[in-house]
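Colleague: Heads up: the protein sequence lines correspond to chains A and B, in order.
Going by the numbering used here, the first residue of the first sequence is number 1, and it counts up by one from there.
Going by the numbering used here, the first residue of the second sequence is number 1001, and it counts up by one from there.
Hints are computed from structural coordinates only; laboratory data are not their basis.
Glycine included, every Cβ here is placed at the ideal spot set by N, Cα and C.
Watch out, some of these pointers could steer you wrong.
[Claimed, not checked] Within a straight-line C-alpha distance of at most 30 Å, the following computed DSSO-like cross-link-like pairs (lysine-lysine) qualify: (1) A/K290 / B/K1035; (2) B/K1405 / B/K1264; (3) A/K290 / B/K1110; (4) B/K1308 / A/K158; (5) B/K1087 / A/K300; (6) A/K158 / B/K1087; (7) B/K1087 / A/K290; (8) A/K332 / A/K26; (9) B/K1182 / A/K158; (10) B/K1216 / A/K158; (11) B/K1033 / B/K1148; (12) A/K290 / B/K1230; (13) A/K300 / B/K1223; (14) A/K158 / B/K1230; (15) A/K103 / B/K1148; (16) B/K1179 / B/K1410; (17) A/K300 / B/K1179; (18) B/K1208 / A/K158; (19) B/K1233 / A/K158.
[Said to hold, decoys possible] Not everything, but these chain B residues come out facing chain A in the computed CB check (under 10 Å): (20) S1045; (21) S1121; (22) R1132; (23) L1192; (24) L1370.
These are the residues of each chain, in order.
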Amino acid sequence: MSDLMVIINMLALVYLGWFVERSLQKNKSKMWLFSGLVVVMLVILFTLPNYGPTYSYIMVTTILMYLVLTVSWALFSGPTGYISLAPAAFFGVGIYTSAVLGKDIPLLAVVLLGGILSFVLAMIVGALTLRLKGTYFIMFTFGLVLLITNLLLWYEIKFTGTRGRFVVAAGNDTIYYVMLGIFILLLITAFIIKRSKFGLALQSIGQNEEAAAHMGINVTGVKVIVFAITAFFMGMAGAIMTMKWTYIDPYSAFDLFRSFLPVLMAIFGGMRYFYGPVLGSVIFAYLEEKLLTEFPYVYKLAFGIVLIAVILYLPDGLAGLVDKIRARIARKKNALT
Amino acid sequence: MWKKILAFTIPLTICLILILTSVFAGCGGKADKDKIVVGMSRSLSGPIAIIDDSAFRPVYETWVAEVNAEGGIYVEEYGKKLPIELKIYDDKSDPATMAQLTEKLILEDKVDFIWGGGGTSFIYAQAPIANRYNYVLITMEGGASSLKELLPGMPYVFVTLSFSDWYEMPVLADMLASKGCKSAYIMYIADLHGVEYNGVAGVELGKKGIQILGAKAVPPDIKDLSPVIKEAKASGADAFLCFAYPDQVFPAVGTSIELDYNPKVWLGGPGINFGFFHTAFGPMVEGVMGWASWNRKSSPALNELADKLYTGKPEDSNDWWGHAFYWAGLDMWRAAIETAGSLDNTKIRDILATQHLQTVLGETWFENGLMNRETHPGEVGQWINGIYEVVGPFDKATAEWVYPKPPWPK
């Protein structure tokens, strides 16, 4: 029962991602139908706590967390080609905002503040590093996570005499709604960015940064602002998710795994498509939980095999596979007529 | 027209069948109870997996096999013995994953009981969840003074293991003071465990007038400990205290041997208490101290427990600190179920919180959620003639404490 609800809501999430992609295309046929379906999907998602078992929306909350991390990551790294390994840093800043201020200020303010602090950190880091390219940028963002973890560890041990902190817990439904809200806000933001001059600028930076600069694009400015916007969403996600975990320390808050997973999920889903990272993270997160719980002793092996198979045989990810199947069906149809 | 209807009807019918099957699959009548399902989120992979392998796992595997061989636990409500079935998930050594899996066990798998995760950070993450859903949580590995402060607000949580101020450090301080030990140097891991033990040592040793000449925090992945050991040696402290895990304690022992650093007291842990410390260091373990709770000589019942757990197995599997506590925790859980005659977590909680029950440690009870210290068969251990003896408190010692520590064998 719980699985069925989770799968229905996963489909709704993927549909929302696909709808954004479709809206960005010039083909506007049947848009009234697709828009109507968006309303249906939103109703399904927003009413899940009313009809689904508690664990179904706990599970969908985790999927939403991965979605926010992956879509945010792909929004910047996809078009520009700058591989950022900083998601764990921005997510962790959100976590610590919640841990430090959660007792004193209202939940939504904490979440917003988590996003703002991550935004500020990304602005500073971006201004310093987004002139770097390729491996140097990857290494810097990787180092940033380690730097913050160890700085925080040093601070906690030296000044607070402890390592971890308790976080004020929130109800599962509250966390779910806030996380869903963040995801929808992210989709709207992604749509606006992609439709605006920023989207085109990002794409031209990814294709040829020098040429983009010659065309008059403030390349560093565009990169820094989009990088910071994506960090804002990651920070908010960290701030709300930690209210589910109740106890955190620098190692668990700045877990490097959360920097690598968005990259894997985006590749798994297909980087060429906007809905690819959505599809990738939804399936990846679900698969991970299923393998982890059903096959605890072999799940990493199974997971590794699935990943290798996707990278080897589906270079455009799952979204690319969907496209290929659609093209094949269309070819068959044309051949028959 | 028919083609169009068929094109829509067939997929719709299939979807409807799938949905209805899934819905009704979960709506069967209440089955007759034939087993007690216990859920656990344990670290089967990741850095904490070594703790799972050597600490609680050998105990629950042996204990459950023994109980099931007798037919299970008698539950009056069902008028029969129910065997135990374990449902174990891997939390990948990640407290966040463990929190989610614990909720899955409770909400989706609807297990009858949950048993604790592996480590203090995991208890912090799991305890509020167990308490929220009114599930009894008897914790195994881990314990902390900061957790002790939270227990009054979490009536469903019961801690079995001894820890820093419950009651290891006060006993160690008494022991050191009794021999005229004047100073100590502390190396501790920069995590919850290390920070807490260092803090409690500062308080308890301070009460006895023992001076802390240095306290150095080390990261978990430290490779070269020679600067710390050299500093400890230069300090001239009577006691060297290493509050860390096997990954740091063992290199600290190795480096001390290399640099011939032989203070009057060399105490470390967790790690020293495991059989694999002896198999790794052989005769070099003589005189090295650590945390402990029991030994074959502690009581006939504990001698029998050692037979059950260790006979026919390599020495590596021995744990002379936690194993007796974990076994006693499970004994208490069983006794509480039998007394309640029910699998109702609230009834079982009430019994655990108020009654004295018979376990491998004798009469055992929880005091404000902590296993009463009077039931502890020991706190401090030392390797003497290749055996890990209980040496403190003195009235529970299974051998006389060797002070000062003999030189490292050449």
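Colleague: If you draw a straight line from the CA of B/K1216 to the CA of A/K158, is it 30 Å or shorter?
Modeller: holds (11 Å)
Colleague: Does the alpha-carbon distance linking A/K290 and B/K1110 stay inside the 30 Å limit?
Modeller: holds (17 Å)
Colleague: B/K1087 and A/K300: Cα distance at most 30 Å?
Modeller: Cα-Cα ~19 Å, so holds.
Colleague: Decide if the proposed pair is consistent with the structure: A/K290 and B/K1035, CA atoms, cutoff 30 Å inclusive.
Modeller: Cα-Cα ~24 Å, so holds.
Colleague: Keeping to a limit of 30 Å between CA atoms, is the pair of A/K332 and A/K26 held or broken?
Modeller: holds (25 Å)
Colleague: Measure nothing beyond the straight line between the CA atoms of B/K1208 and A/K158; if it is 30 Å or shorter, mark the hint as holding.
Modeller: holds (25 Å)
Colleague: Hint check: B/K1033 vs B/K1148, CA-CA at most 30 Å. Holds or violated?
Modeller: Between B/K1033 and B/K1148 the Cα gap is close to 36 Å, so the pair fails against 30 Å, i.e. violated.
Colleague: Is the Cα-Cα distance between B/K1308 and A/K158 30 Å or less?
Modeller: violated (45 Å)
Colleague: Does B/L1370 pass the interface check with chain A, least Cβ-Cβ distance below 10 Å?
Modeller: violated (19 Å)
Colleague: Just to be careful, I want the Cα atoms of B/K1182 and A/K158 compared with a cutoff of 30 Å; is the pair within it?
Modeller: holds (26 Å)
Colleague: Take the C-alpha atoms of A/K158 and B/K1230, compute the straight-line distance between them, and say whether it is at most 30 Å.
Modeller: holds (23 Å)
Colleague: Just to be careful, I want the Cα atoms of B/K1179 and B/K1410 compared with a cutoff of 30 Å; is the pair within it?
Modeller: Distance of about 26 Å is within 30 Å: holds.
In the structure shown, a violation is registered for the earlier hints numbered 4, 6, 11, 12, 17, 24, in ascending order.
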